[in-house]
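Novice: Okay, here's what each chain looks like letter by letter:
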Amino acid sequence: MKLLIANGYVVDPAQQINAGRNVLIEDGKIIGLPEKGEKPPEGTELLDATGLVVAPGFIDLHVHLREPGQEYKETIATGAAAAVAGGWTSVCAMPNTDPVNDNPAVTRFIIEQGKRAELANVFPIGAITKESAGTELAEMGEMKAAGIVAVSDDGRSVPSAGMMRRAMEYARGFDLPIVDHCQDVSLSKGGVMHEGRWSLILGLRGMPAAAEEIDAVRDCTLARLTGARVHLAHVSTRGALASVREAKAAGLPVTCEVSPHHWSLTDEAVENYDTNTKMSPPLRSREHVDALLEALSDGTIDAIATDHAPHHRDEKALEFDQAPFGITGLETAVGLAFDLVHRGIISLERLVELCASNPARIFSLPARGGLFKHAPADLTILDPDCEWVFDVTRSKSKSRNTPFNGRRFKGAAVATIVGGRLVFLHPDYGWITQSKYREASA
Amino acid sequence: MQTTFERKHLLGIRDLSAGEIIHLLDTAETFRDISLREVKKVPTLRGRTVINLFFEPSTRTRTSFEIAAKRLSADAINISVSTSSVSKGETLLDTARNLEAMAPDCIVIRHSMAGAPHQLARICTAPIVNAGDGAHEHPTQALLDALTIREHKQKIEGLKVAIIGDILHSRVARSNIYLLTRLGAKVSVAGPGTMVPAEFVELAEEGLRLEQRIEDAIEGADVIIILRIQRERQDAAFFPSMREYAVHFGLRPDHLKLAAPGAIVMHPGPINRGIEISSEIADGSSSLILDQVTNGLAVRMAVLYLLARGSYPSGVEGGLEESTRQEGRGH
Numbered sequence: 000m001k002l003l004i005a006n007g008y009v010v011d012p013a014q015q016i017n018a019g020r021n022v023l024i025e026d027g028k029i030i031g032l033p034e035k036g037e038k039p040p041e042g043t044e045l046l047d048a049t050g051l052v053v054a055p056g057f058i059d060l061h062v063h064l065r066e067p068g069q070e071y072k073e074t075i076a077t078g079a080a081a082a083v084a085g086g087w088t089s090v091c092a093m094p095n096t097d098p099v100n101d102n103p104a105v106t107r108f109i110i111e112q113g114k115r116a117e118l119a120n121v122f123p124i125g126a127i128t129k130e131s132a133g134t135e136l137a138e139m140g141e142m143k144a145a146g147i148v149a150v151s152d153d154g155r156s157v158p159s160a161g162m163m164r165r166a167m168e169y170a171r172g173f174d175l176p177i178v179d180h181c182q183d184v185s186l187s188k189g190g191v192m193h194e195g196r197w198s199l200i201l202g203l204r205g206m207p208a209a210a211e212e213i214d215a216v217r218d219c220t221l222a223r224l225t226g227a228r229v230h231l232a233h234v235s236t237r238g239a240l241a242s243v244r245e246a247k248a249a250g251l252p253v254t255c256e257v258s259p260h261h262w263s264l265t266d267e268a269v270e271n272y273d274t275n276t277k278m279s280p281p282l283r284s285r286e287h288v289d290a291l292l293e294a295l296s297d298g299t300i301d302a303i304a305t306d307h308a309p310h311h312r313d314e315k316a317l318e319f320d321q322a323p324f325g326i327t328g329l330e331t332a333v334g335l336a337f338d339l340v341h342r343g344i345i346s347l348e349r350l351v352e353l354c355a356s357n358p359a360r361i362f363s364l365p366a367r368g369g370l371f372k373h374a375p376a377d378l379t380i381l382d383p384d385c386e387w388v389f390d391v392t393r394s395k396s397k398s399r400n401t402p403f404n405g406r407r408f409k410g411a412a413v414a415t416i417v418g419g420r421l422v423f424l425h426p427d428y429g430w431i432t433q434s435k436y437r438e439a440s441a
Numbered sequence: 000m001q002t003t004f005e006r007k008h009l010l011g012i013r014d015l016s017a018g019e020i021i022h023l024l025d026t027a028e029t030f031r032d033i034s035l036r037e038v039k040k041v042p043t044l045r046g047r048t049v050i051n052l053f054f055e056p057s058t059r060t061r062t063s064f065e066i067a068a069k070r071l072s073a074d075a076i077n078i079s080v081s082t083s084s085v086s087k088g089e090t091l092l093d094t095a096r097n098l099e100a101m102a103p104d105c106i107v108i109r110h111s112m113a114g115a116p117h118q119l120a121r122i123c124t125a126p127i128v129n130a131g132d133g134a135h136e137h138p139t140q141a142l143l144d145a146l147t148i149r150e151h152k153q154k155i156e157g158l159k160v161a162i163i164g165d166i167l168h169s170r171v172a173r174s175n176i177y178l179l180t181r182l183g184a185k186v187s188v189a190g191p192g193t194m195v196p197a198e199f200v201e202l203a204e205e206g207l208r209l210e211q212r213i214e215d216a217i218e219g220a221d222v223i224i225i226l227r228i229q230r231e232r233q234d235a236a237f238f239p240s241m242r243e244y245a246v247h248f249g250l251r252p253d254h255l256k257l258a259a260p261g262a263i264v265m266h267p268g269p270i271n272r273g274i275e276i277s278s279e280i281a282d283g284s285s286s287l288i289l290d291q292v293t294n295g296l297a298v299r300m301a302v303l304y305l306l307a308r309g310s311y312p313s314g315v316e317g318g319l320e321e322s323t324r325q326e327g328r329g330h
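Protein sequence lines correspond, in order, to chains A and B.
Each residue of the first sequence is one higher than the last, beginning at 0 in numbering that gives the first Met the number 0.
Each residue of the second sequence is one higher than the last, beginning at 0 in numbering that gives the first Met the number 0.
Worth flagging that the hints you see were computed from the coordinates, not collected in a lab.
Keep in mind that a hint or two might mislead.
To be verified - DMTMM-like mimics (lysine to aspartate or glutamate), calculated; alpha carbons at most 25 Å apart, straight line:
#1 A:K188 <-> B:E198
#2 B:K7 <-> A:E293
#3 B:K7 <-> A:D273
#4 B:K154 <-> B:D32
#5 B:K256 <-> B:D290
#6 B:K7 <-> A:E267
Model, not experiment: these values are computed from the prediction.
Turn these sequences into a full structure, and let the hints guide you.
Specialist: Okay, here's the thing in structure tokens:
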């Protein structure tokens, strides 16, 4: 079966393409990027992307899908549905499930559930240590054979430098990137928000920026010692960015990601004790947010990752101190990323690099992140001018914990194609599938 | 300047204007003499229900709110909930919804976690009074402190106030800093470096200084407010020992020589004698600790009156007159 995505504007940084092109797909693979107006083979189905941007499928390096074990928050199927509704064709699932993904049986289960959902590609991330307890290495080699793409003890940073060194040396042998949630627990323990003026005003225990910055220095130093690939998750502080910048300048294999809420909100958002402003790392002060914007613009940040962390509304209805960390993010990330484009902080091409080509490179996902010939046909179709309002009651996620309900956006993913199948179409963009070939090629 | 108090809730001092604060203090003053009478009761809130919902042990504040409500003829109900059972028990919001179903006219809440009153205020139709939430605010304490200062110094503007002790964990310090600086006092705070974070200076736009040594904060002070040291926080190692705390941060008689003549000393209680305050001072002529308790009653009567009266037609004057008439009949 052939499919032509016609008349769109292709942005594919991996192949340095920035041009009006068609995309021809056959049996779930990309066949080529023919010039506009070139007549497609007989019997080709058509999607009309006139006025839209056609990008390689977006890859989220950091989501929590909660299955197995916490299906009341999210399942792989509901998480994948939220992913494609937000424009993500692939998601990388963190291992803090119950049981923890620290062995190949859990890895296989996650992959299987991802396939059954038939929405986004689901790539599992394995634990660094058994049960992510920070004491014994998990079976990275076995998990790699089963399909993990990276290792992480996300949410529970590896507590000692000695353990982290071992993990890096071991992971290097399997060419697995180590993803670290930088947080020195001796500094952040008991904290529920960023430490600073607002934590003092609100009387809430703070997590100092230094907790993240110290671990970022540690991890970059260990990357130099071990030669391992190190990826810093959801970087939120000026100091951690400085460490990444320095490591990159020294040629170390260090990369980092940023989560949309960290550049979109400051710690002032906690003012009314809304537990949907509680996450880890926490919303930071303006100084740190400015540093993130700078690093998004200058290339220090490699990827945008949502840290999608669904929680049940009963859990978030507790006192601020008691509520769990985390917010959903899959359906608002692209809108928040377009804010950056419209504010002139990043270009559209850079947006695609942050969401597609770089993530594929960081986790070595073969043939993803670009519209390569014979690659799986994963595409995200964007309308930079689409104006919309996020209504959480219509979210595809099982959970509702977002600080962005009711927010107005300009710019959206309007159609998502995974393996050549249209898995999401924005309700206002039905015309994409309804146009006649004649009109499109005219 | 706004000189009335039209808010539905009293959640903190930070949002209040100087006019609103003065109105609260003026109202409290009119209630002060009720407690000096033989029959200490006015019918102002007759038929109204005040619920004291205490998630944290407290004798002083709870009793104060309870007596305040009763002297206004409201029905006061005390509910103490142990927060240690928070994980097994009913959630805060479920508790609040259940109480709300009994149509109270005011809910007074004390909670060990900051923001609990705000969460209640979002779902309850009854007015909420914050009686202390974690390390956030304790607005009626700041009001009673201000009432006490005004009683003895006749003003607040231009006074120099020292606040000594565990500033970091103190809701009393925060509420006092907001109130006193808003009314034009100069506030200096001091305590162990672990308990006086540098960003604290940003809590007030002007009139707030941080000092390293308590002597520097006390120098020339008209008012000295001593904060309670929480012995239970000792495990967190904010200072080496009670002994060392008493030596370096405890208030002793010789400190008063540094203060302005006629300086007054206050403490929100309960006091740790010989630790943050020496007995000579606590029991001495400069100490207003018991005046604070008395004024606490007046402040809480004023707050309950302003929030729980709802659409009650008569003002405080009317209530007082009516009570006098009734008492005349009764005796």
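Novice: Any hints this thing doesn't respect? Which numbers, in order?
Specialist: Violated hint: only 2; rest satisfied.
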